[in-house]
Amino acid sequence: MTTLGVWIAALLTLCILSFLYKDNPFYKFAEHLFVGVSAGYVVALTYHNTLIPNLFVPLLKQGDYILIIPLILGIMMLLRLFPKVGWISRWPLAFIVGVTAGFWLITYLQSNGLVQIRETLRPFNSLGNIVIAIGVLTGLTYFFFSKEHKGVFGKTAKVGIWFLMVTFGASFGYTVMARISLLIGRMHFLLSDWLGLIK
Amino acid sequence: MRRQVPLIITFIAGTIMIIAYFIPREPFGGLRQRFSVWFLIIAAFALILGIGNLIKIHGKRISRQSAGWGYSVVLLVGLAAMSVLGIGWGIERSTPFHYLFWNMQIPLSATMFALLAFFVASASYRAFRIRSFEATLLLAAAVVVMLGRVPLGNLLWPRLPAVANWIMTFPNTAGQRAIMIGIALGVVSSSLRIILGIERTYLGGGQQ
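For the protein sequence lines, the chains are A and B, in the order given.
Take any residue in the first sequence, count from 1 to its spot, add 353: that is its number in my numbering.
Take any residue in the second sequence, count from 1 to its spot, add 4: that is its number in my numbering.
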């Protein structure tokens, strides 16, 4: 990191942190720069990691001319920017939606459905296995909204909520820790790399 | 025509992806591979579409000189700089793109997410003021997990890390699993509705 780079990074960090006082022009400047730079980053990355190896090299250097089809579909997608012919973009969109639906149907059924059910149905030979089985069944009961949560069904759903609350609490704890860790990182950068107050 | 063709495309693309999983031989295996690559290419164009839309919106703000148009200039300059430098000079280390990435994007994104620490703290304070059993459970799980992962927790009570681990391994796994199975059921039903043409909202409004 050069000195100029450190100064740029430090000033942008302070611009973002200034939002803790209130919304102000420095924050807005950094916020808009962040959006622009992030969008540009994705453009460059997509060009180098997706378009060059999957489209330009196979089409122009290896003669894989069938790739003209996705190229045309891609151009059709861009017609969305022009309202009069925007309907043409439905064709590539339909392809994307169809492929995604077909792919996720199998993947989710396999990894999020069947594998999780198999791992839940373990022998009840430990407290952990029993807790997991009860937690999954009651949690799923809570997600079943086609029946009113009353009586035994309602009480089972209530136990499901308790398990879900523990899960949310754990996730919340991890999120807070991750954010605090980032904050410590930024403070360390300001005090060490920029100001040189700590080593 | 404008709605039927997309529905047919969706049906064919979705069905081939499903069949290819069960019958990985030709022609389905090859088609699955092809479709996956085509998907990446079209998705890249969808990204260009999004960038085009961003340029259109902020370009309008600048040309009309509406409130805060100067920030739109900043956004477009950032976008242009990263895109041009990245495409023109590459994205490897010691390129101008990498310099901007290291000195602008990383500090900006890290600080933006670090800022959330303060808002999460204030939001959780408000949430935890609801004195119900569920809120207490959430708070207790969060505190135990947080303390169990730092040296202070071990100092307060040596068994705290083990308790945190137990919560993460069993009740947390159970809750996560219930959510995952619920999501899987939702994705399967939504995907079927899309492939069969029952769900058509992705085509947008209008009858044509």
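Hint data in this document are derived by calculation from the structure and do not stem from the laboratory.
Do not rely on the hints blindly, as some may be mistaken.
[Unchecked claim] In silico lysine-lysine, PhoX-like type, Cα no more than 25 Å apart, as pairs:
1) B:K60 <-> A:K437
2) B:K64 <-> A:K437
3) A:K500 <-> A:K511
4) B:K64 <-> A:K381
5) B:K60 <-> A:K381
Here's how the hints hold up against the structure:
{"no.": "1", "hint": "B:K60 <-> A:K437", "in the structure": "holds (16 Å)"}
{"no.": "2", "hint": "B:K64 <-> A:K437", "in the structure": "holds (19 Å)"}
{"no.": "3", "hint": "A:K500 <-> A:K511", "in the structure": "holds (14 Å)"}
{"no.": "4", "hint": "B:K64 <-> A:K381", "in the structure": "holds (19 Å)"}
{"no.": "5", "hint": "B:K60 <-> A:K381", "in the structure": "holds (20 Å)"}
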